[in-house]
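Participant: Protein chains in written order, with the working numbering: chain X, 200 to 525; chain E, 200 to 525.
Please keep in mind that the hints were generated in silico from the structure rather than gathered at the bench. Everything hinted at is true.
Here are the in silico distance ranges between beta carbons for each label pair:
1. E:Thr391 x X:Gly517: 38 to 48 Å
2. E:Arg222 x X:Asp218: 35 to 45 Å
3. E:Gly330 x X:Asp411: 30 to 40 Å
4. X:His328 x E:Gly510: 53 to 63 Å
5. E:Ala225 x X:Pro251: 28 to 38 Å
6. X:Gly510 x E:Gly253: 50 to 60 Å
7. X:Gly330 x E:Leu277: 30 to 40 Å
In this text the structure is predicted, and so the values were computed from the model without any measurement. Every residue gets a Cβ at the ideal spot worked out from N, C-alpha and C, and that includes glycine.
There are 2 protein chains.
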Amino acid sequence: MTGGGPAGGPGVPRMRESDLLSRIYAGSRDLEAAFPHVVAGPGHDCAVVATPGGECLLLKVDQLVAGRHFRPHPHTPLDLIARKAIARAVSDIAACGGRPRAALAAATLPPDFGEAPGLFEAMARWARHWGCPLVGGDLVMLSAGQQGPLVLSVSVQGVPHAARGPVLRSGAGRGDAVYVTGALGGSLDRATGLGHHLTFEPRLEEARWLCDTLGDDLHAMMDVSDGLGRDGGRLAAASGVRLRLESGRLPRSPGVREWRAAASEGEDYELLFAAAEGARVPDRCPATGTPITLIGRAEAGTGCVIVAGDGTEVDASGMGWDYAAI
Amino acid sequence: MTGGGPAGGPGVPRMRESDLLSRIYAGSRDLEAAFPHVVAGPGHDCAVVATPGGECLLLKVDQLVAGRHFRPHPHTPLDLIARKAIARAVSDIAACGGRPRAALAAATLPPDFGEAPGLFEAMARWARHWGCPLVGGDLVMLSAGQQGPLVLSVSVQGVPHAARGPVLRSGAGRGDAVYVTGALGGSLDRATGLGHHLTFEPRLEEARWLCDTLGDDLHAMMDVSDGLGRDGGRLAAASGVRLRLESGRLPRSPGVREWRAAASEGEDYELLFAAAEGARVPDRCPATGTPITLIGRAEAGTGCVIVAGDGTEVDASGMGWDYAAI
Chain X
200 MTGGGPAGGP GVPRMRESDL LSRIYAGSRD LEAAFPHVVA GPGHDCAVVA
250 TPGGECLLLK VDQLVAGRHF RPHPHTPLDL IARKAIARAV SDIAACGGRP
300 RAALAAATLP PDFGEAPGLF EAMARWARHW GCPLVGGDLV MLSAGQQGPL
350 VLSVSVQGVP HAARGPVLRS GAGRGDAVYV TGALGGSLDR ATGLGHHLTF
400 EPRLEEARWL CDTLGDDLHA MMDVSDGLGR DGGRLAAASG VRLRLESGRL
450 PRSPGVREWR AAASEGEDYE LLFAAAEGAR VPDRCPATGT PITLIGRAEA
500 GTGCVIVAGD GTEVDASGMG WDYAAI
Chain E
200 MTGGGPAGGP GVPRMRESDL LSRIYAGSRD LEAAFPHVVA GPGHDCAVVA
250 TPGGECLLLK VDQLVAGRHF RPHPHTPLDL IARKAIARAV SDIAACGGRP
300 RAALAAATLP PDFGEAPGLF EAMARWARHW GCPLVGGDLV MLSAGQQGPL
350 VLSVSVQGVP HAARGPVLRS GAGRGDAVYV TGALGGSLDR ATGLGHHLTF
400 EPRLEEARWL CDTLGDDLHA MMDVSDGLGR DGGRLAAASG VRLRLESGRL
450 PRSPGVREWR AAASEGEDYE LLFAAAEGAR VPDRCPATGT PITLIGRAEA
500 GTGCVIVAGD GTEVDASGMG WDYAAI
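Chain X on its own, in the form it takes in the complex (with noise of 0.2 Å):
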């Protein structure tokens, strides 16, 4: 995740979320020159960072805010805010190919919330389950007359896959083939508010088969969660190549009918990845069964751009959500 909204609710035209973290990332592009020990900094799913005796660890933190990423308690339950809130976080760790270790999680709730104890044991309770416990966090209870929303914030520390090492967008070469999991669109039933959003399954087992089987020609990989159109856009960005897909070889979820919806909708939470070109990449991940999709390829250019099925080329970098009201 990088702060985008949820699946297809409609957006108020501000400036964009994603434009003003560009900002905040141009600010910081020397980090890794004046710190040795940063890695990769932002602009990939997590950051990493090495420690003083050399090993690498993923870093990572994500929101998760009532009204924008869940219709609040209690239209959704409190179990799935918090599987949420925990879920995203190691998305961005299995994006990297890492394993997740530990968690954070800090609340600011509003002065209604009677929850937060049952908030918390769901966090830790998920967090455990995987393998990231809740080592520490925050509590902030608005007071009677400050109004707001629930906002979760948990960050998870990882480790990247010992072989393979930290996968980062940047990764992708002219010629790669792309893939991705799964299938995308349809995360967020318009009518109840609940849906794939809310029960995604972090793909932490697929993308360490992805690096166990496909080591070094693991190019570049990022997590979709805000529309395969724009998440491509920045893999292509952060790579300096052009992702041309297919539109016909999009996996669509059930009931999922165009093509621009399972490009756009977002909060797919399926890893986008760039492998060598004649890498042989499985059509399906043996221990899960999963499905993997070749779905384009990257080539010189710029941008994310998707061939309709009368041949045109639609630029797809804009698509997907980047705020919105869910």
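Fit chain E to the supplied structure of chain X, relying on the hints for placement.
Facilitator: Structure of chain E alone, referenced to chain X:
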């Protein structure tokens, strides 16, 4: 910091955040047994987690909420908001005798807040200043229909002192001498909302020097954020001892006339520590000139008492602010 509020504002009587956190921590008591890489879970200024290679890391998250921890911008300058957000978490790394290495920052911003880039740039600057560059972040802007305060969540990763290792709250023993750095009270200027709580210097140098100088004779340490009385009670509880402090010894900030104010106003961000009986503790840190004052002893029992001028013992564990409006 443990989730407490700022110095001296009037609290609204509700369930204490610290009580909620205690309930949450109670569910984590088996964490070290279930996850051997968790060296110290919730209940200290930082969690301590071991890497696969056996290095110890310190992890901390803390929040800063407008109207709670500072008067909203532009009343409080943006730079001081950013500074405090980073400094609070850095202070907890110092309290464990550590060195900060990397930071993550997440922000949820009110709809009319136009200063996101400046805020992040200032946080990045302060994070670099204390040696923990901002390597990642997340940004959510509330939509026009949503009201809410500015919420910043900062997590910092650090490493403990190489020789001493992580200093926890739980190491104090009977007979230990109890010290505090600097001076207490008066952190918030009630007229302006400004003051020490926005401009304090995290005691990184002092903590490192204490580790260098005292080594294993430095038994327990924490930062004083919610008031000496309340935080003293926490150190006592974590160590299974009673702290007996002397009111006449408490170092008071200029203008603080009553020891009760010094012990309860909070947001001092000074180091409270216990050292072995007989350990030679200088009365000043040579590098910074920060005074170090012997304020009492650890003994058998529970809680934190302060002996008033007339010899009566005052239970100080309940002193200090848990939440307040600034």
